[in-house]
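2 protein chains.
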Amino acid sequence: MSIEEAIELLKQHGYKTTGKRKDILAFFSRADGYRTAKELIRHLEESYDGISFDTVYRNLHLYNDVGILETTELNGEKHFRFNCTDHHHHHFICKDCGKTKEISVCPMDAVQSDLHQYEIEDHKFEIYGLCPACKSA
Amino acid sequence: MSIEEAIELLKQHGYKTTGKRKDILAFFSRADGYRTAKELIRHLEESYDGISFDTVYRNLHLYNDVGILETTELNGEKHFRFNCTDHHHHHFICKDCGKTKEISVCPMDAVQSDLHQYEIEDHKFEIYGLCPACKSA
DNA sequence: CGCACAAAACGTAATCATTCTTATTTACAT
DNA sequence: ATGTAAATAAGAATGATTACGTTTTGTGCG
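Just so you know, the sequences run in chain order A and B. The working numbering numbers the first residue of the first sequence as 1 and each following residue consecutively. The working numbering numbers the first residue of the second sequence as 1 and each following residue consecutively.
Because the hints were derived from the structure by calculation, they are not lab data. It is possible that part of the hints are untrue.
Since the list can't tell identical chains apart, any single copy or any two copies may satisfy a pair.
As the list claims (entries may be wrong) - List time: in silico BS3-like cross-link candidates among lysine-lysine, alpha-carbon distance up to 25 Å: (1) 99 to 20; (2) 16 to 124; (3) 124 to 78; (4) 101 to 135.
Here the structure is a predicted model, which is why all the values come from computation and not from measurement.
Given these sequences and hints, build the entire structure.
Take a look at the structure:
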């Protein structure tokens with residue numbers, strides 16, 4: 001997902017393109033991993049004085065809804081990152097820096113037989129730890 | 001994990017066995033799935049007038065620390081269930097009733113090769129949806 | 001049994017992330 | 001340029017969780 005694609009997506013859904021929205025996209029574009037609402041707020045405060053929580057959360061949810069961001073929950077806080085739209089996969093997530101690494105295997109194929117009468121809506125497979133950079137630091 | 005095993009575990013760690021602690025164990029023994037702190041508080045309020053949040057959360061964390069309970073995060077709320085100590089496995093979790101079904105496959109075996117230099121600390125594999133009972137209801 | 005002491009529980013306030021509300025401002029199609 | 005729906009501000013409200021000073025209660029030991 002690139003910034004241009006994201007803006008295009010917003011337009012397609014009839015949403016406006018504001019400076020703050022572009023800045024939020026730029027933030028996640030640079031981020032390369034999961035970030036919290038708080039981190040985003042801190043970043044936006046540098047450029048915008050008196051940025052409101054509401055603006056941040058509203059746009060995070062909007063971006064999640066239209067598929068620009070994906071989200072996960074960690075330590076009671078929601079974390080967001082640019083959506084990997086291309087194909088289904090999972091992530092290793094660094095506990096220190098939030099950066100992610102793509103994991104190719106998805107266990108769902110092997111699972112179906114266990115859950116005959118069950119209605120599967122969603123699944124989560126994440127690996128947590130330290131990335132090479134944070135490990136050696 | 002049985003109530004007796006749990007009490008034994010507490011004693012081994014030098015923790016006292018109080019009426020409330022036994023009631024909490026009984027609650028999870030009967031629960032058969034993930035429950036929230038709120039649900040537990042509601043249950044305890046029936047027997048104990050003026051039960052304190054502190055008591056509930058302190059004991060939930062204690063139980064988690066000594067391995068009586070395991071925990072997962074769902075919709076911004078922590079959920080707890082009796083720990084399945086016997087062997088490593090994962091769960092299907094019903095979004096309606098919180099009941100779980102054991103999933104035999106663990107994807108970690110197939111993953112190691114992707115993460116050479118990474119330090120793996122933990123992982124999570126959960127499937128969400130509706131159990132047969134809630135599906136037909 | 002009863003005492004002493006540490007652990008547990010109380011009651012409540014504080015905190016943290018997130019959501020809601022109302023009024024005002026802004027982007028963008030016409 | 002203007003009207004209008006969307007976006008934002010500012011801060012209060014909410015919901016889950018944690019923290020704190022005080023009081024109560026298990027439990028080991030004489």
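Evaluation of the provided hints:
For the homomeric pair residue 99 and residue 20, the shortest alpha-carbon distance inside one copy (23 Å) is at most 25 Å, but the shortest distance between copies (42 Å) is not. For the identical chains of this complex, residue 16 and residue 124 are neighbours neither inside a copy (32 Å) nor across copies (37 Å), given an alpha-carbon limit of 25 Å. In the homo-oligomer, the alpha carbons of residue 124 and residue 78 lie at most 25 Å apart both inside one protomer (14 Å) and across protomers (16 Å), since each shortest distance falls under that limit. Only within a single protomer do residue 101 and residue 135 lie at most 25 Å apart by alpha-carbon distance; the minimum there is 14 Å, versus 35 Å between protomers.
Against the hints set out earlier in the document, a violation occurs for number 2 only.
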